[in-house]
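K.L.:
Take the sequence shown: its letters are residues 24 to 166, numbered as in our numbering.
There is no bait here: all hints are sound.
Straight line, CA to CA, 25 Å or less: simulated DSS-like cross-link-like pairs of lysine-lysine:
(1) K31 x K66
(2) K108 x K66
(3) K108 x K141
Calculated from the structure, these hints are not laboratory results.
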Amino acid sequence: MVLYSIVKAEQFLNTKDDRQRGIGKNPFGNYKDLTPTTRQNHKGALPGDYELFKFDIYSSAALNKRVGSAVFSCYYGFELVALCKASYELNDGTLVGAGLVDFSTTNFAIAITGGTGKYDRVRGDLRSAAAERHAQRIVFALD
24 MVLYSIVKAE
34 QFLNTKDDRQ
44 RGIGKNPFGN
54 YKDLTPTTRQ
64 NHKGALPGDY
74 ELFKFDIYSS
84 AALNKRVGSA
94 VFSCYYGFEL
104 VALCKASYEL
114 NDGTLVGAGL
124 VDFSTTNFAI
134 AITGGTGKYD
144 RVRGDLRSAA
154 AERHAQRIVF
164 ALD
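Sequences and hints are given; from them, build the entire structure.
P.N.:
In structure tokens, the structure reads:
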């Protein structure tokens with residue numbers, strides 16, 4: 024199954040204020056951190072940041088027939104890699120999955136771990152790659 028997605032909404036939560044609580048006091052032992060960690064020339068999310076995406080899903084690259092929506096919730100780790108949970112609500116059921124997404128690239132793959140409706144008890148994966156008109160081409164390989 025091949026579908027196309029376009030970002031409809033995005034919300035980013037920067038947890039920088041929470042990082043400050045660890046300076047000088049570490050709750051995991053008696054280690055004392057006297058200076059904050061710094062990183063030169065860093066752009067983008069840092070570990071602990073969170074991002075939520077909402078997508079419209081289309082049946083073709085023409086983006087003229089909407090067949091559902093999707094939501095990704097992503098928790099960032101290091102080097103712009105995030106653990107993302109995904110839910111695709113399509114006309115004939117829902118697919119859910121999770122995986123690591125490297126936001127420094129335009130391609131990613133995640134595992135499909137289940138679904139409802141037509142997709143009840145399915146497993147597989149999806150692979151996403153950049154397409155024209157700011158879309159993503161999503162290829163589902165389902166068992």
